Amino acid sequence: VTTLTTDVLVIGGGATGSGVAWDAALRGFDVVLVDRLDLAEGTSGRFHGLLHSGGRYAVKDPHAAEECIAENVILRRVAADCIEDTGGFFVTTQFDDPEYADRFAAGCEATGVPCEEIPAAEALREEPRLNPRISRAFRVPDANIDAWKTVWSMARGAQERGARVLPYHAVVGIHRDGDEVTGARLRDARTGEETDVQARVTVNASGAWAEHIADMAGIEGVRVLPGRGIMIAMNHRLVNTVVNRCQMPTDGDIIVPIRTVSVIGTTDVHTDDPDDHTVHQDEVDAMLEDGERLVPGFKQARALRVWTGVRPLFEDAKASDTDTRDVTRAHALLDHSQRDGVGRFVTITGGKLTTFRLMAEETMDLVCRQLGETRPCTTSTEPLPGSESGEHYTLGERLERKEERLREDQLICECEMVSRDRLEETMRRHATTNLDDIRRQLRLGMGPCQGGFCIYRATGILHGIDGLSAEEANGALLGFLQERWKGTWPILYGDQLRQARLDDWIFQGVLDVGHLPR
Amino acid sequence: MRGELHFDAVVIGAGMAGLTAATRLAEGGARVCVLAKGVGSTHLAPLTIDVLGYAPDCVEHPEAALAELVAARPDHPYALIGVDAVAPALQWFASCVADGPLPGYRYVGGLERNHLLPSAVGAARPSALVPETMAEGDVRAHEPIAVVGARVLRDFHPALCAANLEKGGRAARAVEVELALDRADANALGVARRFDDADFRGAFAAQLAPRLRAGERVGVPALLGVRDPHGAWTDLQRRLGRPVFEIPTLPPSVPGIRVFEILRSALRAAGGRLILGSEVVGAERSGGRVVSVRAHAAGHDVRYHAPWFVLATGGFASGGLALASDWVTRDTVLGLPLRGTPGEGEPRFVAGYFDEQPMARVGVAVDAGLRAEGAENVLVAGAALPGAIPWHEGSGEGIALASGHRAASAVLEAAGAGAATA
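Taken in order, these protein sequences are the chains called A and B. Just so you know, we're using my numbering here: the first sequence kicks off at 311 and counts up by one. Just so you know, we're using my numbering here: the second sequence kicks off at 72 and counts up by one.
For reference, chain B alone in the conformation it holds in the complex (with noise of 0.2 Å):
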């Protein structure tokens, strides 16, 4: 053991929901350090915030959703959190977006109704609160869409995507242009340094403007500036004369890497501190409490002690959960016990595709106050919780900003009333 180190709060993980968590705690006033193995879901994810995009089906007003979501799955993460936790994490988002590195760039919308925001390959994703630079490609908006793409970009296919917006019934079509890139596989990020360039974008304008059609908003792929995406956009859309949005596509994402940086700044902003490349490998607890954990990085250990942890490593996505060969289910981290693991012998998974697969809900087993169960001074945050499908509600970012949020409140509160008691 190379160091003990004491905190008033250990967040472990830094995707969504550990940074919300954290960033929080430090606003606080809570001396909070995050520890994680690498950056999380926010480079994979789009980054919009979706809030709850089915239930089944497509929900147009989510603040009603959750309200029927709750009242029919208690053991839901959104009835833990309490719907009305809900609006306020958007709230602090929003205002910690606008108060961010990134100047100008802002998230657009709430809970009163979800954006519908035509994916890459033509669907239309619900979603509540969005970056300003994808909020005009609302389905629902009368302008003709005219979706660009480059053959560079392997990741993005405006053919496809705007053959299944007609199909919805959305006036579309496809326009290709060449990207000025000297080779045939582009890296998304890389591509979106380059649209921080004003000359790049001139370019793009000056190739694209004559092939647009009057009346006609341009969809383009989430690429759009890394360091000024405010600036960018709102300067291809004078440039062109017209609306222009983002539609997310695969990994890397780059709307996602701007959040990071956003919630990264807040929190040192706030005096925060987060390790990445510090994974957390043991815990040593007492009682029903978690008195420190135990991190490996760079070769060597650092025990990080603190009365509050906060659990945010996510799913089996980002390996907070994990089935092992033997088939046992397990918290790679603290080893909390889990709730929503199918029992011996049912099945985990079922042959179709889209259907609910048994292992879906699994997460740390927590209380009515997000407690983990079996560690009092444990709060779990984020996709590490039990009973949501994320992916297939259109729920994760909601779930993670809410839940983080909320954990950091409590957290304060507990701290709070412990003072106030000493």
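Looking at chain A on its own, in the form it has when it is part of the complex (with noise of 0.2 Å):
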């Protein structure tokens, strides 16, 4: 067992945990940040892509509302790399309480949200896919947001103040001295060895696993009941627009244009285990026929891939008249030297995408009050690598970048234009021999064909370029055959059955990888 030390050790990667270790690192902090599997791979990696306007909630939850515009400026100019500039609409339908609209533009107006009206025609005109019976509409600047690219680009910029970064490294214990936490023991998933972990302060942010993390470390009463949503990848852009219904935020109100698809959400069920990621076939069709309230036809547009990401819900199970929480705050911060008298040890979780950064700074304040420092936090400030030019991506990037070197360079994913360069460069800087987290961080396999084409190519380039035995490569092909398979079986229809019947006959039968020698 070797041992590392470190001033702040953060336990999940997501865009919590990871804003948590870029905001340490820029406040000059030694960190250590892990996850059991690979970043965002978990809730952060697993929604619809929104940067909420806070829109959605300035009727049903001001406070959250103020939280999310003022954090949706800050991240458009931290975060622009990672940010399409989409904008948002509010749309009334002939679906929803004709009433909601004037409450939502005063809800607007009384938390802050930029929000203008406009004529239901100039919606229309925008976005001529939508639901031509809108009555009413109205402008705000919601935005997407690519998860990974945020995550990694904040473990980078880490790292590169010294933070190490350590995913598929899982917590199997905490360890407890006395009345304070001082580290915790990590297992690599791939290897087994195990590591230990001595830290000054050491930060749960593992989300909805929150709770797991908790009782390792001796904590009763951090109660996280998963929420979980589905949410459906349709191919094209349906809208280029993010486009919400205007009512009482409830299941499949928003579809986010994002990369090259559009993503519908979402839902909420409660579930016992964070890791159930089961599809019912009732909410794949409730979703679809809300897809249909929105913009009609949406049925016979092509579902890609349907996938589910499960909301930490935090309930304080040792709540009490002096408890201060701010009940209306969608995120919670434990002091457990204060709730528990458990020392160096503290619990962030709730919360949503869009204030993973105010979360990280509220954190690494409690951090900082702990240990008797004061190191100003210079998140809102402090352009993530990659966003220093303060520039959003656009959709037209990668063609682009293509069309320069059209001659030159290897489409290797040609859905979402993965040059090979680029492939290699990845999986050389990356060290993996999972081709889903090369998928993380360039969408490989994410377009219409899921992979059909790209899977034997990348294959074939991951095992010339990290010299893989042809049992690991086959793993690798077979693995990522797999994961794409999940997200495409329980939404099969229409062309996308096609492809995957195409798939089939490709990788059954042309390749015939069901027959690779043992």
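These aren't lab readings, by the way, just hints derived from the structure by calculation. Owing to the predicted nature of the structure, the values given are computational and were not obtained by experimental measurement. Glycine included, every Cβ here is placed at the ideal spot set by N, Cα and C. Mixed in with the good hints, there may be bad ones.
So, partial list: chain B residues that the calculated Cβ filter (under 10 Å) puts toward chain A [unchecked claim]:
(1) Leu115
(2) Pro159
(3) Gln162
(4) Ser190
(5) Gly193
(6) Arg196
(7) Ala233
(8) Asp256
(9) Ala388
(10) Ser389
(11) Asp397
(12) Ala431
If you anchor each label on the Cβ, the simulated ranges turn out as follows [claimed, not checked]:
(13) A:Thr560 with B:Gly153: 55 to 61 Å
(14) B:Arg298 with A:Ala480: 55 to 61 Å
(15) A:His546 with B:Arg177: 42 to 48 Å
(16) A:Arg387 with B:Asn258: 42 to 48 Å
(17) B:Glu415 with A:Thr560: 24 to 30 Å
(18) A:Ala480 with B:Gly153: 54 to 60 Å
(19) B:Trp398 with A:Gly789: 26 to 32 Å
(20) A:Val383 with B:Trp398: 41 to 47 Å
(21) A:Glu419 with B:His371: 56 to 62 Å
(22) A:Gly502 with B:Asp426: 27 to 33 Å
Non-contacting residues of chain A with respect to chain B, defined by C-beta distances greater than 12 Å in every case (computed) [as the list claims (entries may be wrong)]:
(23) Thr313
(24) Glu376
(25) Ala431
(26) Arg486
(27) Asp489
(28) Asp525
(29) Arg685
(30) Glu698
(31) Glu707
(32) Asp719
(33) Asn744
(34) Pro758
(35) Ala783
(36) Arg808
Two chains, two frames, some hints: make the complex.
Have a look at this one:
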């Protein structure tokens, strides 16, 4: 067992944990960031991609709306390259309570969410596929945000400042010394090797899994109720603006255009197990019907993929009259020295992706207080690596790059325009044998063919770069094939079934990967 | 409606099954027309004639395994077609190739013993009848294999192929060469056309020869020519002084394009018509018969009348079958009843990619004579038939050929009988 010593151990490599690591590194702390899987493989990588303007919460939860718009403005600046400025609409359809629109406008006004009512005809001119029967439309500064890019930018930025980032390292035990947490024992999920981390402070940023980590630390009453939601990615950008139903937030009322697809979400179903990713047929049907209400013909479009994400909904089983936590706040920061008499341990959970930076700031402010240090937060002004220019990414960026090097570069994933040079560079830098890790970096295999053509190519290239054995290469291929199938089979119909069958012919027929030597 | 045309038989679909049925019908004297939305499976499949590769273990003797398969699965297409009908269909196809427009090009093998050929990832694929240009790749032969590729060919990765061949116990290694192409992305058909050129082959061989070892045979991606693959292949073997074989890889399939040209040429030679870009969009019925189909082409509709129709529109991959977002499965062309569709509330697919998928065996319901249920003058051939999982069994081309062949015989027999009684 090797031992690492650090100032701050962050457990959980989602947006919040990576945000804490980035924040801490900027404040000059030494950091170790760990996740049991890849970074942003949990909730952060499993949402619809919406950077909230706050409009969604303007009526229901004004405080959350205020947080969202404040963070929206900050992230557009510091994480510019991770954001596409699509703008957003709230539209009143014939299925929505017509009274809500005025309350919505008033709520935006009260919470400072920029909101401009525009003629329905103008919204339809900009988004011709939108339900033509909308009666009112409001423009808000919604956008989309690429969570994987954001998380990895923060992780790399932290690494550049000395942080150690350890994906695929599961926490198997929390070290306690009397009333203090002193670090954790990690197990490398790939090699089985164990590592001890000794930390001045340990931050539990494990989101929906926070209860599990708190249990390991011997802390009671941290209850996280996982709320599972499904999302469906439709081929193409059915809309180019984020479209919200102008009504009290409910299921299936947002369509987010992101990268090459449009994502509809979501549902909220209680589950006992945050690793439960079951997709239920009735949820799929309901989501497709909801899509139809916003974009007529939605069901005839090609559904690429369905997935679920698990929200961490925090409930403090120890809550008492003296608990000062503002109950309307979406995120929960627990100072375990005050709450439980356990020092050097902090839990941050709940919240939403849009507010991850704020959560990280508050967390590190608390850590600093525990350590008796005053180091100011700079994440609201310091751009993430890659975002220094302040320019947002655009949909056509990859095509533009390809056109610049039309004859020199090879496309490996045509759907998502992943070039061979970028793929090889990422494989070298990332040193992983898991093509799904590469997918989260480059969107490899995320387009209409769901890897039909690129999985073989990418496996061949990976095999060459990493000097893999045939067994490892086959594992990469078969693993990714199964991973792609996971998100397609519950929603296979229409042209996507046709594609899946073509992929069957390629993999099982032409390549015969079902009979690779064992 | 812009036109009314009359034929003895109309075949819908231009894949292996449709072209086989149509050519056989034309050879039998029928006035036949093929209507197709586009080219069929030929451009996607490696076009080895896989009759039965797995049952579920790797099949060495397809003829014997076929007999066992139909005994165990009376609903399988081979049970309807009849095992005895398979060999004549293969023979017919082999002579079609031999007599075709590609000089010297032929298919070798048969039902006695499967070839065992390397796939592009280095698995060993069992196949009954294969292009001569692939046959030397049989992994049971002892000569070590040099798998040759080039960076510019993104759809072929020789090192991975060789590594799996090695893992499977065969001596193999990869050799990377440079192909004289002026861009980073090579198009399979474009490269295959270059191999029709003797100078290109000469440069390729000159580069490769010094890097080969004594006793090695040479595996290359299946790109050795479109116009004259036999010439390209024999020339390369001569230049390298050793056996050379093609390894099929991702679509588009050059061996498949060759077969499409061969069958199209045979169909035309026999007097048949092939109309691509002509999508069948409707049918007129009278009682239990289809009397005509309506095809949409170039902005207008034409009605095709015939006493017989052959439905060879394929399965889900080609769009002949479709599952809509309301979860109803249908035959998209004639709307005929299906067989093998999971019932309401039953799973359509399951979570394990390699597990048998409940939707896998769906097809157009037929009787023992391949006649569609509810349409007595419609015969069904190829992947539209229910009961098989061809990509999984390694049976796609075998079923297509044998059922296309058989459907044509049925029409000719019935027409002959009709003529005799008339």
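To see whether the hints hold, each was checked on the structure:
Taking 10 Å as the C-beta contact cut-off toward chain A, the hint placing B:Leu115 at the interface holds, the least distance being around 6 Å. For B:Pro159, the interface hint is violated, since its Cβ never comes within 10 Å of a Cβ in chain A; the closest pair sits about 25 Å apart. With its C-beta approaching chain A no nearer than about 24 Å, B:Gln162 sits outside the 10 Å limit, and its interface hint is violated. Given the 10 Å rule on beta carbons, the hint for B:Ser190 holds: about 5 Å separates it from the nearest Cβ of chain A.
A distance limit of 10 Å between C-beta atoms decides the matter here; for B:Gly193 the minimum to chain A is near 7 Å, and the interface restraint holds. This hint holds: B:Arg196 has a C-beta 5 Å from the nearest C-beta of chain A, less than the 10 Å allowed. The closest approach between the C-beta of B:Ala233 and any C-beta of chain A is roughly 9 Å, which is under the 10 Å cut-off, so the hint is satisfied. Here the hint on B:Asp256 is kept, as its CB sits about 5 Å from the closest CB of chain A, short of 10 Å.
The interface hint given for B:Ala388 holds, since its Cβ lies 4 Å from the closest Cβ of chain A, which is under the 10 Å cut-off. With a cut of 10 Å, the hint placing B:Ser389 at the interface with chain A holds, because the nearest CB-to-CB distance is about 8 Å. Using the Cβ-Cβ criterion of 10 Å, the hint placing B:Asp397 at the interface with chain A is satisfied: the shortest such distance is roughly 8 Å. For B:Ala431, the interface hint holds, since its Cβ comes within 10 Å of a Cβ in chain A; the closest pair sits about 9 Å apart.
Between A:Thr560 and B:Gly153 the C-beta distance comes to about 59 Å, which sits within the given range of 55 to 61 Å. Judged by the Cβ atoms, the range 55 to 61 Å given for B:Arg298 and A:Ala480 holds: they are separated by roughly 59 Å. Between A:His546 and B:Arg177 the C-beta distance comes to about 45 Å, which sits within the given range of 42 to 48 Å. Separated by about 44 Å at the C-beta atoms, A:Arg387 and B:Asn258 satisfy the suggested range of 42 to 48 Å.
Our hint of 24 to 30 Å for B:Glu415 and A:Thr560 holds, since their Cβ atoms are close to 28 Å apart. Range check, A:Ala480 to B:Gly153: about 58 Å between beta-carbon atoms, so the 54 to 60 Å window is met. Hint check: B:Trp398 to A:Gly789, Cβ distance near 29 Å, so the stated range 26 to 32 Å holds. Against the hinted window of 41 to 47 Å, the Cβ-Cβ separation of A:Val383 and B:Trp398 comes to about 44 Å, which satisfies the hint.
About 58 Å separates the C-beta atoms of A:Glu419 and B:His371, a value consistent with the hinted range of 56 to 62 Å. At roughly 29 Å, the beta-carbon separation of A:Gly502 and B:Asp426 lies within the given 27 to 33 Å, and the hint holds. At roughly 38 Å from the closest C-beta of chain B, the C-beta of A:Thr313 stays outside 12 Å, upholding its exclusion from the interface. Taking the minimum C-beta to C-beta distance to chain B, about 40 Å, the non-interface status of A:Glu376 holds against the 12 Å cut.
Under the 12 Å C-beta cut-off, the non-interface status given to A:Ala431 relative to chain B holds; the minimum distance is some 30 Å. Every CB of chain B is more than 12 Å from the CB of A:Arg486 (nearest about 40 Å), matching its label as outside the interface. Every CB of chain B lies more than 12 Å from the CB of A:Asp489, the least distance being 46 Å, so the non-interface label holds. Consistency note on A:Asp525: stated as away from chain B, and its beta-carbon is indeed over 12 Å from all of that chain's, at 30 Å minimum.
Here A:Arg685 stays apart from chain B, with its beta-carbon at least about 48 Å from theirs, past the 12 Å limit. The beta carbon of A:Glu698 is kept farther than 12 Å from every beta carbon of chain B, the shortest such distance being approximately 30 Å. In this structure A:Glu707 is separated from chain B by more than 12 Å, as the shortest Cβ-Cβ distance comes to about 20 Å. For A:Asp719, the non-interface assignment is contradicted: its Cβ lies about 5 Å from the closest Cβ of chain B, within the 12 Å cut-off.
Against chain B, the non-interface label of A:Asn744 holds: every CB pair exceeds 12 Å, the least being about 17 Å. No Cβ of chain B approaches the Cβ of A:Pro758 within 12 Å, the least distance being about 14 Å, so the stated non-interface status holds. Listed as outside the interface, A:Ala783 is inconsistent with that label: its C-beta sits roughly 6 Å from the nearest C-beta of chain B, within the 12 Å cut-off. Separation of A:Arg808 from chain B is inadequate, the least Cβ-Cβ distance of about 6 Å not exceeding the 12 Å criterion.
Hint violations for this structure: numbers 2, 3, 32, 35 and 36, all remaining hints satisfied.
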